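Quick mapping for you: the protein sequence lines, in order, are chains A, B and C. If you're matching positions, the first sequence starts at 1 in my numbering and goes up one per residue. If you're matching positions, the second sequence starts at 1001 in my numbering and goes up one per residue. If you're matching positions, the third sequence starts at 2001 in my numbering and goes up one per residue.
Source of the hints: derived by calculation from the structure; they are not laboratory data. From a predicted model like this one, the values you see are computed outputs, not experimental measurements. Glycine is no exception: its CB is placed at the ideal position from the N, C-alpha and C atoms. Wrong hints could be hidden among the right ones.
As the list claims (entries may be wrong) - Not everything, but these chain C residues come out facing chain B in the computed CB check (under 8 Å):
#	residue
1	ALA2101
2	GLY2153
3	GLY2283
4	GLY2293
5	ALA2297
6	ASN2306
7	GLY2310
8	ASN2311
9	PHE2408
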Amino acid sequence: MTRHTKAQSIQAIILAAGASSRFKTGRTKLVEKICGRSMVLYPTDIFVNLNIPTVMVVGFQKDILEEVVKEEFGNKVTFIHQQEQRGTGHAIQCTRDSWHADTILVINGDMPLVTQENIEKLIKKHHDNDATISFATAHHCDPEAMYGRVIQGDDSIKIIEAKDFEGDLSEQCCINAGIYLIKRSFLENYLDKLQPSAVTKEWYITDLINIASAHKLTVQTVAVPFDRIRGVNDFKELWAAEQIKKSEIIQHWMSNGVRFAVAHNVQIDWNVTIESGTSIGSGAQLLGNTKIGKDCAIEAFTCLKNAIIGNRTTVYANSVIEKSEIGADCFVGPFSFIHGNSTLNNNATIGSFVEVNRSEIGAFSKAKHLSYLGDTTVGQKVALGAGLVTCNYDGINKHKTIIKDNAFIGGNNTIVAPVVIDESAITAAGSTITENVPAHALAIGRARQINKEGYADKVRAKQTIKPLASAMTEALKTTYESQQ
Amino acid sequence: MTRHTKAQSIQAIILAAGASSRFKTGRTKLVEKICGRSMVLYPTDIFVNLNIPTVMVVGFQKDILEEVVKEEFGNKVTFIHQQEQRGTGHAIQCTRDSWHADTILVINGDMPLVTQENIEKLIKKHHDNDATISFATAHHCDPEAMYGRVIQGDDSIKIIEAKDFEGDLSEQCCINAGIYLIKRSFLENYLDKLQPSAVTKEWYITDLINIASAHKLTVQTVAVPFDRIRGVNDFKELWAAEQIKKSEIIQHWMSNGVRFAVAHNVQIDWNVTIESGTSIGSGAQLLGNTKIGKDCAIEAFTCLKNAIIGNRTTVYANSVIEKSEIGADCFVGPFSFIHGNSTLNNNATIGSFVEVNRSEIGAFSKAKHLSYLGDTTVGQKVALGAGLVTCNYDGINKHKTIIKDNAFIGGNNTIVAPVVIDESAITAAGSTITENVPAHALAIGRARQINKEGYADKVRAKQTIKPLASAMTEALKTTYESQQ
Amino acid sequence: MTRHTKAQSIQAIILAAGASSRFKTGRTKLVEKICGRSMVLYPTDIFVNLNIPTVMVVGFQKDILEEVVKEEFGNKVTFIHQQEQRGTGHAIQCTRDSWHADTILVINGDMPLVTQENIEKLIKKHHDNDATISFATAHHCDPEAMYGRVIQGDDSIKIIEAKDFEGDLSEQCCINAGIYLIKRSFLENYLDKLQPSAVTKEWYITDLINIASAHKLTVQTVAVPFDRIRGVNDFKELWAAEQIKKSEIIQHWMSNGVRFAVAHNVQIDWNVTIESGTSIGSGAQLLGNTKIGKDCAIEAFTCLKNAIIGNRTTVYANSVIEKSEIGADCFVGPFSFIHGNSTLNNNATIGSFVEVNRSEIGAFSKAKHLSYLGDTTVGQKVALGAGLVTCNYDGINKHKTIIKDNAFIGGNNTIVAPVVIDESAITAAGSTITENVPAHALAIGRARQINKEGYADKVRAKQTIKPLASAMTEALKTTYESQQ
């Protein structure tokens, strides 16, 4: 098909200059994301993929739009600036200097569901019939939908914009989808002849169809399902389009052996990959370039964003993993937060209420409860006790903690970086570690326990007498100091 | 319309005395909430808004019901007690002393989806036709639905209760919605003439229609979409009604420039407000009087209840904010819990596994990891290290912690309230702070670290010999004490 | 019915030998779970319940399948091994030695939605008509659905497998559901006469119908709704079947007085029970044998797996409870993680970022913030301060912590097991507890606080000069040691 297309000499013009006022965000709608991808990229992708030279007409917030398109397609798309918003006909006019192919395809930029098959079918029918103009139509009966209506007579065809239409819109269900193929020669001869609408003062590309029909030139229509050509003009329409896109993505992964527990709850981006045998829990957020291996279990309410998950790894409920890589056979969560380019090697365990940030956890090492690991490198087979805090930040700089193979960190430790705990070392529970611990050493950094018999009752008595002061605290201070 | 309505002299009677047995909760269904609001308040609101004097007939759990209505509408609604449950006709009878308007509107209290437009249209048609009785009908074909069926002849109209109906209910799709306008004069003349049903021994208001029709008085029907007049008799019907209400609320905010990531997952109460440019993540719970500013990002699985969120603030996934106010440009979560009338000033950051309770966090201050802040006032530009615990409770009383501007709290600190850490002070990592720290002072409250070379191996050897005792712990005790 | 069935002498054969290739998991689909129960168990349950002797023909991964069936039904089901996959006709052939009843019922194992009523109706009609073969049909118009098509003539009936069908499948909407009742005598006479398909080389049970019809024997069809006989051949069909099953389960509990906040988000297993007056939050995961009492509130994003929840207990959002029992009037969450056969007695409170593992919490005791309780027994009315860590693991063995009635544990304590804190004892905030604390004693295990006036500025000055070293940390070490 690609070669055939080239032979016929086609170029594409994507209309992307509009102001997106119905979104009410002050931003161009074309970079609003559908399944994690700016919507303008979906139709653009088709032309890039078919090697069709593509011009995008930009206007409103053109810098933002161009940046998004360049990030994905580099310089495969050329931009032309429409200075004033004077209608689709005027937008084409702005591209005149770029015309070089025999056939010029024009498409709205806000049609994220159109497929390559739709475009190929349109091109084929256009060429097969040697049409002057071809355009896509769809059946849609909503009188409030602002699509141009296609009126076909025995020997004529025309498009009337919805706002110019007189009569009952609900009876005009054949709509103009917004994809046109036009012979360049026709465009060169007739584009200047367009007249602005009396109502809106804009030039409409659709008038070209009326002109072609009046001149008895061949006008070809190609019916496409409405769902494929839905435009997106506000957040309600975006929601509908995203539902369809997401449903297609999920069904694709289902067909490849992935189990989704409550599929309609899941959020999944178009660029995510999941291998077979894996199950995805209710509500899971699978975002960005997340890649999930085989036979994994990703439980409910997990958020994975640009996360790489190895085979057979379990991510328990309510975990967040961002921009990090988890090895094979790991256990994460529930309630883990792993981010900042962190790495878990195979068979590592990160448990509940544990945050891992800019850190690496070695194979078979475990941090199971209530810990903060920042800028830390943990070796293999290390046991990190509950309540560990690495103090990686001194208010100005960040420092590194290194804990080597087979070390054992007692409960509720405070580790003040930079520090190295060497292999097979042990730290006592409750310690604050400020200095390096040699290999095989035991480090203790805590006070000795003293029991004051009967003092609990005295503390309570004082609290009752002086309810507004911190009686207990004061009692503790006194008793502690008195025995020093 | 309001003035017109008054001119015509209308009063409303809301039927709210029923026993809600199909809910099986032992509670009156009328205070069950739909999008966060007791269902009886929705129709009541319409009459209050139209300045129509309103009487509510109460019976079952009347005190609970009255309290809920008074809380929202004060004394704008009058209550009349129906002592026995003897049917809708009897309920009207109980209100006789309150009659003063020309027209009496009667409505069931369990119709949360009816709109002001529906009511206004009904009133207008009643007056325009100078009807004796008008009532709303809807088209609904479910033979199991227990609505009265409206039977219209050439010259007559009557309503037959579903349980009294003989014949095929599935062929009787015109149902009685349960909203009536009745001339007071007719009511005064004929209400006493109602006969109890042979089946249920109850008096039905619907018999009045039969009487009026038999007397060739004008009976007017007004068709209303079924979705607007759905009754709510069990949790399945409540769920259906809430879906519709929620869909309307979400579409309203979408139209105002709010992005919903997986809209059908979101829970949103009717009183919530969201400004444009904000995105709402999958599953978000937006409850009570929550107000969210412009250009915020509220991520997935967040619960906001009576929360106020400033402009451009991000609430990361899995966070809970209750009855608290977050400033502009703040970062919260993932896994934050902010509650108890807490306040975050602009540009503050509360991070993962951090609870903030009855506290204020100053501008640009940060508590990013694993902390509990209770009854604490934190100044500006304060850095709170990971693992901070404020000990605000001594078993009897709560005490306050004050941490002033530019202070730096080291990791894993324990702060025993009441205590003041003055501005620009620093506390060492691992400290327990029991006394005030002066401005610019360094506070240290921890033991010195000791490394015992080679002791780790001895500890491990003992553990292997005595697996059932806490070998390591004892070893630690010994070694520690021996060197004191 | 049961007795009637027995009188007629019926036995059932469940076909469960297939290879499940379209699931692409490498596992037999028949143990994939629908609402928490392996799908093959649903139809099997009907025959066990009707006391119909049942044979299951197994092949692919038969050991896994047999184990699952035996776990639920013990030896009520007999297994026969089909060594080679040679079609449904061949599968019946393998069971020949087990035939003993007058009528043999054959059913596919992948029909999880079929009901006992469907089966009873089929049996009744078969017997009432003294049919040679009866089978269930359904109306389904999807040309891509691979069900056999039922072709009925004036005097004949036959089934053509979809893949053997020539013509337009979309016009053949009467499909073969895959449930047959066959006279044993017919089976004995004709089963050997089946010929393998020219296309697939497999023997089809459906050819028996063609044979019976050709011999003018009575062939009876019984129409069943398609939703009841849906087969499950890939994850998309599993998802559809699970949606229907889940909807039935949720509607059942709604009818029993349970409120579901966003019902379609909830995941609920078939074995879960919920009492009236309880509300279930959006997205809740109610899994395994979870049992929830009366008037509970289970908030959004909670995961309960094999959890028992007492009456009037609240589980706040984002909590995980596994294999544990929560008493009445408890408060759990938000962000609690309770697992490992833990128990909360009545009126206990477990709060945010608290993990309870293999532990018991006494009545009226509270652990409200940031704690890890492992292998711990907590008595009544115990207050556990925020940041508590029980050190239950020494790297080799697990040890127990016992905290008795009325004890008060200060904030940020580290408790090194094995240890007993006796009743009414108090531990000071920031303590590491390594030894038993007697009743009514006050235990202190922390260092005294020292304030170094003006040192904070010196620390900051050093950090600025030496940004790459841990200036502050070193300063702290120096200052601390210098004053020892």
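Each hint, compared with the structure:
no., hint, verdict
1, ALA2101, "39 Å, violated"
2, GLY2153, "33 Å, violated"
3, GLY2283, "5 Å, holds"
4, GLY2293, "14 Å, violated"
5, ALA2297, "12 Å, violated"
6, ASN2306, "23 Å, violated"
7, GLY2310, "18 Å, violated"
8, ASN2311, "13 Å, violated"
9, PHE2408, "5 Å, holds"
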